[in-house]
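Go ahead and model the full structure; you've got the sequences and the hints to work with.
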Amino acid sequence: MNKVQKPYMNPYLAGFLLGLVLLSAFFVTGRGLGASGAVKSVVITTVGAVAPESVANNAFYAEYFSEGPGPMKNWLVYLTLGVLAGAFFSGAMSNRLGFKIDKGPRISSRSRLLFAAAGGLLFGLGAQFGRGCTSGAALTGMAVLSTAGFLTMMVIFGTGYVLAYFFRKLWIK
Amino acid sequence: MGPLIPQGFVNADLNLFFAFIIGLGFGYVLEQAGFSSSRKLAGVFYGYDFVVLRVFFTAAITAMTGLLFFGYLGWIDWDLLYINPTFLWSAIIGGAIMGFGFILGGFCPGTSLTAAVIGKIDAMVFIGGMFIGIFIFGEFYDTFQPIYTGAFLGNVFIFDTLGISRDGFAMLLIVVALAAFIITQRIEDKVNKTSDLEKDARPSYWIPSAVLIAGGLLLLLLPSQPRTNWHEVSPDKILTTVSNQHHLTGIDEVTYSLINGKDRPVVLVDVRSAEDYARFSLPGAINIPLGQILDHRYENLLRSDQKVVLYSNSNTLATEAWIIATRAGIENLTVLAGGLNGFVQTIFQEEHITDSYNLNVEHQGRFREKAKNYFLSGKAVPEKESVGTPVIKLIEIEKPVQGGC
Numbered sequence: 001m002n003k004v005q006k007p008y009m010n011p012y013l014a015g016f017l018l019g020l021v022l023l024s025a026f027f028v029t030g031r032g033l034g035a036s037g038a039v040k041s042v043v044i045t046t047v048g049a050v051a052p053e054s055v056a057n058n059a060f061y062a063e064y065f066s067e068g069p070g071p072m073k074n075w076l077v078y079l080t081l082g083v084l085a086g087a088f089f090s091g092a093m094s095n096r097l098g099f100k101i102d103k104g105p106r107i108s109s110r111s112r113l114l115f116a117a118a119g120g121l122l123f124g125l126g127a128q129f130g131r132g133c134t135s136g137a138a139l140t141g142m143a144v145l146s147t148a149g150f151l152t153m154m155v156i157f158g159t160g161y162v163l164a165y166f167f168r169k170l171w172i173k
Numbered sequence: 174m175g176p177l178i179p180q181g182f183v184n185a186d187l188n189l190f191f192a193f194i195i196g197l198g199f200g201y202v203l204e205q206a207g208f209s210s211s212r213k214l215a216g217v218f219y220g221y222d223f224v225v226l227r228v229f230f231t232a233a234i235t236a237m238t239g240l241l242f243f244g245y246l247g248w249i250d251w252d253l254l255y256i257n258p259t260f261l262w263s264a265i266i267g268g269a270i271m272g273f274g275f276i277l278g279g280f281c282p283g284t285s286l287t288a289a290v291i292g293k294i295d296a297m298v299f300i301g302g303m304f305i306g307i308f309i310f311g312e313f314y315d316t317f318q319p320i321y322t323g324a325f326l327g328n329v330f331i332f333d334t335l336g337i338s339r340d341g342f343a344m345l346l347i348v349v350a351l352a353a354f355i356i357t358q359r360i361e362d363k364v365n366k367t368s369d370l371e372k373d374a375r376p377s378y379w380i381p382s383a384v385l386i387a388g389g390l391l392l393l394l395l396p397s398q399p400r401t402n403w404h405e406v407s408p409d410k411i412l413t414t415v416s417n418q419h420h421l422t423g424i425d426e427v428t429y430s431l432i433n434g435k436d437r438p439v440v441l442v443d444v445r446s447a448e449d450y451a452r453f454s455l456p457g458a459i460n461i462p463l464g465q466i467l468d469h470r471y472e473n474l475l476r477s478d479q480k481v482v483l484y485s486n487s488n489t490l491a492t493e494a495w496i497i498a499t500r501a502g503i504e505n506l507t508v509l510a511g512g513l514n515g516f517v518q519t520i521f522q523e524e525h526i527t528d529s530y531n532l533n534v535e536h537q538g539r540f541r542e543k544a545k546n547y548f549l550s551g552k553a554v555p556e557k558e559s560v561g562t563p564v565i566k567l568i569e570i571e572k573p574v575q576g577g578c
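In order, the protein sequence lines correspond to chains A and B.
Per the working numbering, the very first residue in the first sequence carries number 1; after that it's consecutive.
Per the working numbering, the very first residue in the second sequence carries number 174; after that it's consecutive.
Derived by calculation from the structure, the hints in this document are not laboratory data.
There could be a bad hint or two in this list.
Taking lysine-lysine pairs in the BS3-like style, the calculated list, with each CA pair at most 30 Å apart, reads [to be verified]:
| id | chain 1 | residue 1 | chain 2 | residue 2 |
| --- | --- | --- | --- | --- |
| 1 | A | K173 | B | K363 |
| 2 | B | K545 | B | K480 |
| 3 | A | K3 | A | K100 |
| 4 | B | K366 | A | K6 |
| 5 | B | K366 | A | K169 |
| 6 | B | K480 | A | K3 |
| 7 | B | K363 | A | K169 |
Computed footprint of chain B on chain A; a stretch qualifies when at least three of its residues, placed anywhere within it, have a C-beta under 8 Å from a C-beta of chain B [to be verified]:
| id | region |
| --- | --- |
| 8 | 6 to 17 |
| 9 | 97 to 106 |
| 10 | 117 to 131 |
| 11 | 140 to 153 |
| 12 | 159 to 169 |
Note that the Cβ used here is the ideal one computed from N, Cα and C, for glycine as well.
This is the structure in structure tokens:
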């Protein structure tokens, strides 16, 4: 709009800094980073508020209410609040704030949003099976050299590459 | 000293404050890297922008190398780190579903958060989709549960799965990453038809690459393993060894080494308290009280090429030390059968049979008699330098405490 967007950071520098953030997370908590966990907490809290009886009968939900301070007073929830604040700060510094839809050149905004919703749904579902998303399972899992981390990472990107051809219309000319 | 929270260095409320601070850094870096743009993210699948691969791989290697060095220096205890458990099919199916979601949605959860907060509408919709996906999993949990909790391989490490050494794997990963950086840069140039002028304007990466390679080599060349359970020996194996007494070294063998030290040197380790050690110990023995058996200082000593024999008054304390050290990956230690009491009794108190029809018994008896005279004549000279003043004073030996040492 009025100001020019600043260029993105050198990806290797960004990767190095992200690695340090991850390392400090391990140093403080013994666990890595995660992003889908907070969304899960919100879902579980919502289900708990709307349909408490279904929580009691479901092992997936019940675990979060059985002990401790509940799903919202959770490390990953506060981490995610930090992520939102940090990203907003970064976007503001680099003049990247503003409502916008990113999409490939060949699809309409409406299609883009439909596919984004479908992608989010799949990612949310897949992150449960994978016990974490690209951050919590793949990146964090790789840093501690866990087999699961490498496996999940390879399958995520492998599947992406296999399917890329069929969905090229979404992203490229 | 780390990780801080699991060891109680940080109280639970500050914990959440730390979470917020770390999140700040996480969000800031993701946004600065360009992860708030689904177009940039999807570029990794079409070759026009490999930013995902660069950031992701660099971050993984930085954190991995850092954790390995922290572990080596004793700054972080790997035993307290969360190692992602491997549920084989759940990981594969989850990965495939996420990969599908990635190509459709152009985000992953973390990146969608950073994008949504700066106003990307597609990211907000993506997050809405995530709520539904997680809800579906919750509602059908009973159906998914067999896959979700099936095929559990444990909290396994990739290098164990591949059957290679840990540091070797780390080095390999670094090399693969650097190769990937170079190759993907070429692909990107080709896809985007980058001009030579633009290529020349790029910063040179040979210094960071050299640093990474050097770090990997250093990991490979460092002499000893960090004291963690990297290659921990399974409890079953330890139990079998101990119950079959395969961890014991016989008194005669140790005695022989004490007399003929140069032929068959052994490292004798007294695992009793410093006071007990000062009062009475075997010649040449080194004192490592049980509680310090995993202390970094003693690691090279315990991993000696020579035979290492632990002893205490009886078998009990030394076996305990043996189990702790073996479980932590220091293998090939042994325990003096019968301990000091057994030694004293066998060599000094028992009647030695020096005349028998059984030649083995006779030889054993003569050997023990010879050893007795040898020790009593005061010829047992300590051979190690850092020994203190080990002396044998038979008079002061005390009756073993009941039930161990």
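Between the alpha carbons of K173(A) and K363(B), is the straight-line distance 30 Å or under?
Distance ~16 Å between K173(A) and K363(B) Cα, so the pair holds.
Coverage assertion for the region 97 to 106 of chain A with respect to chain B, Cβ distance below 8 Å, three residues required:
holds (count 8)
Tell me if chain B covers the region 159 to 169 of chain A under the three-residue, 8 Å CB rule, please?
holds (count 8)
Quick one, are K363(B) and K169(A) close enough, alpha carbons at most 30 Å?
holds, 20 Å
Count the residues of the region 140 to 153 of chain A whose Cβ falls closer than 8 Å to any Cβ of chain B, and tell me whether that reaches three.
That given contact holds, which follows from 14 residues of the region 140 to 153 of chain A lying within Cβ reach (below 8 Å) of chain B.
Checking one constraint from the list: CA of K3(A) to CA of K100(A), max 30 Å. Satisfied?
holds, 16 Å
Take the region 6 to 17 of chain A, compare each residue's beta carbon with every beta carbon of chain B, and decide whether three or more fall closer than 8 Å.
Answer holds; 9 residues pass the 8 Å Cβ test.
Just to be careful, I want the Cα atoms of K545(B) and K480(B) compared with a cutoff of 30 Å; is the pair within it?
holds, 23 Å
30 Å limit on alpha-carbon distance, applied to hinted pair K480(B) and K3(A):
violated, 73 Å
Taking beta carbons only, do three or more residues of the region 117 to 131 of chain A come closer than 8 Å to chain B?
With 15 residues close enough to chain B, the hint holds.
Given pair status - K6(A), K366(B), alpha carbons within 30 Å
holds, 23 Å
Between K366(B) and K169(A), does the CA-CA distance stay at or below 30 Å?
holds, 20 Å
In this structure, the one hint that does not hold is number 6.
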